Amino acid sequence: MQILVYDGTFESFLTCVYKVIYQKLHDAQITSDSQIQTSFDAEVHFIKRNAVESSKIISIIKNSQDFVDIKYAHSSCNKNKNLIIFNYIKLILEYGKNSKFLLNNKNVIAFFDICKKVQYECHILKGFLRFSETATNIYYAKIEPDNDIVQFLIPHFINRYRYQKFVIHDIRRNIVGIYDTKKSLVFKNNTKLFIAFSENEENIQKLFKTYYNTINIRIRKNKKQMLNFMPKRYHKHLVEV
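Just so you know, numbering that gives the first Met the number 0 puts 93 at position 94 of the sequence shown, and the rest follows in order with no gaps.
Just so you know, not all the hints are guaranteed correct.
With a cut-off of at most 20 Å between alpha-carbon atoms, the simulated PhoX-like pairs for lysine-lysine come out as follows [what the hints assert, rightly or not]:
1. 78 to 115
2. 99 to 18
3. 99 to 125
4. 235 to 125
5. 164 to 223
6. 55 to 23
7. 96 to 115
8. 89 to 125
9. 205 to 235
10. 96 to 61
11. 55 to 105
12. 205 to 182
13. 18 to 116
14. 141 to 235
15. 191 to 208
16. 105 to 125
17. 23 to 70
18. 187 to 208
19. 182 to 164
20. 105 to 89
21. 125 to 141
22. 181 to 191
23. 125 to 115
24. 231 to 220
25. 70 to 164
26. 105 to 116
27. 70 to 55
28. 61 to 78
29. 89 to 23
Rather than coming from a laboratory, the hints here were simulated on the basis of the structure.
These figures come from a predicted structure and were not determined experimentally.
With these hints in hand, go ahead and build the complete structure from the sequences.
In structure tokens:
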């Protein structure tokens, strides 16, 4: 068995897909460097991203929605995501744009299952992510999502806060997304961030809690329904909880 190990980035994953398809490595397994598990008979290849080869695969999945869905799926925390996405890309090769309509196909079902879970988590955090004001007037938000979704949150909050500098920090993966009112950048940060909050931040949080408690109708409080809308694992970084 041949194992193709990539660095976790989307482009290097597509490079691996290219090599499996066009170099006909039928017994190959694609894995990231954080997931690698080898056997004694395995032949390991460390694959670097190749713009030409990854572009070839992008041209195959150039249908815009397929491309977006595959990016969502690649951000999944599912340990089998590499195989699931690869199998779906093979279906695109065979059926083209009609691959997504093969609703009884187990590979299609598996693909859209992980894709929708990532999209759902993005939807949740777009509505409930909480920023805090720092001493340098930069908004800072920390999250611990199941999936690697900072890259999808940044464009949404740029549209909402176009003239405000902000940082979204995935403290589970050490992924940081920054926006300086002109451009944005998402990167892995291996150094500890030291955040100094503004003098007004505590008062702002108190005001928000007061507002939340004021509009809340106690006799209609339905904790079960609240948990359906906002799972408990996200409560840790909510001001009002």
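Checked hints:
The hinted pair formed by residue 78 and residue 115 meets the criterion: a straight-line CA distance of about 16 Å does not exceed 20 Å. As the CA atoms of residue 99 and residue 18 are separated by approximately 24 Å, the hinted pair breaks the 20 Å bound. This hinted pair does not check out: residue 99 and residue 125 have alpha carbons roughly 26 Å apart, beyond 20 Å. Using a Cα cut-off of 20 Å, the hinted pair residue 235 and residue 125 holds, with the two alpha carbons roughly 16 Å apart.
With a C-alpha separation of about 36 Å, the suggested pair residue 164 and residue 223 falls outside the 20 Å cut-off, and the hint is violated. Taken as a hint, the residue 55 and residue 23 pair is honoured in the structure, with Cα atoms around 15 Å apart against an allowance of 20 Å. Note on residue 96 and residue 115: the hinted pairing holds, with a Cα-Cα distance of about 19 Å set against a maximum of 20 Å. Between residue 89 and residue 125 the alpha-carbon distance is near 32 Å, which puts this suggested pair outside the 20 Å criterion.
Distance restraint check for residue 205 and residue 235: the Cα-Cα separation of roughly 17 Å lies within the 20 Å cut-off, and the hinted pair is therefore satisfied. Of the supplied pair hints, the one linking residue 96 and residue 61 holds, its CA atoms being roughly 10 Å apart against a limit of 20 Å. Taken as a hint, the residue 55 and residue 105 pair is broken in the structure, with Cα atoms around 26 Å apart against an allowance of 20 Å. Only pairs whose Cα atoms come within 20 Å are accepted, and residue 205 paired with residue 182 is rejected, the gap being roughly 32 Å.
Note on residue 18 and residue 116: the hinted pairing is violated, with a Cα-Cα distance of about 28 Å set against a maximum of 20 Å. Only pairs whose Cα atoms come within 20 Å are accepted, and residue 141 paired with residue 235 is accepted, the gap being roughly 10 Å. The suggested pairing of residue 191 with residue 208 is violated, with an alpha-carbon distance near 29 Å, which exceeds 20 Å. Using a Cα cut-off of 20 Å, the hinted pair residue 105 and residue 125 is violated, with the two alpha carbons roughly 30 Å apart.
Between residue 23 and residue 70, the direct Cα distance comes to roughly 24 Å. Violation of the 20 Å bound is thereby established for this hinted pair. Proposed proximity of residue 187 and residue 208 is contradicted: the alpha carbons are some 33 Å apart, above 20 Å. Distance restraint check for residue 182 and residue 164: the Cα-Cα separation of roughly 10 Å lies within the 20 Å cut-off, and the hinted pair is therefore satisfied. For the given pair, residue 105 sits about 13 Å from residue 89 by alpha-carbon distance, which is consistent with the 20 Å threshold.
A C-alpha spacing of about 13 Å is found between residue 125 and residue 141, which places the hinted pair at or below 20 Å, so the restraint holds. A threshold of 20 Å between alpha carbons decides the hint, and for residue 181 with residue 191 the separation of about 25 Å lies outside it, so the pair is violated. The straight-line distance between the Cα atoms of residue 125 and residue 115 is roughly 15 Å, inside the 20 Å bound, and the hint therefore holds. Between residue 231 and residue 220, the direct Cα distance comes to roughly 16 Å. Compliance with the 20 Å bound is thereby established for this hinted pair.
Distance restraint check for residue 70 and residue 164: the Cα-Cα separation of roughly 26 Å exceeds the 20 Å cut-off, and the hinted pair is therefore not satisfied. Between residue 105 and residue 116 the CA atoms are separated by roughly 17 Å; this keeps the pair inside 20 Å, and the hint holds. A distance of roughly 16 Å separates the Cα atoms of residue 70 and residue 55; the hinted pair therefore holds under the 20 Å criterion. This hinted pair does not check out: residue 61 and residue 78 have alpha carbons roughly 26 Å apart, beyond 20 Å.
Between residue 89 and residue 23, the direct Cα distance comes to roughly 12 Å. Compliance with the 20 Å bound is thereby established for this hinted pair.
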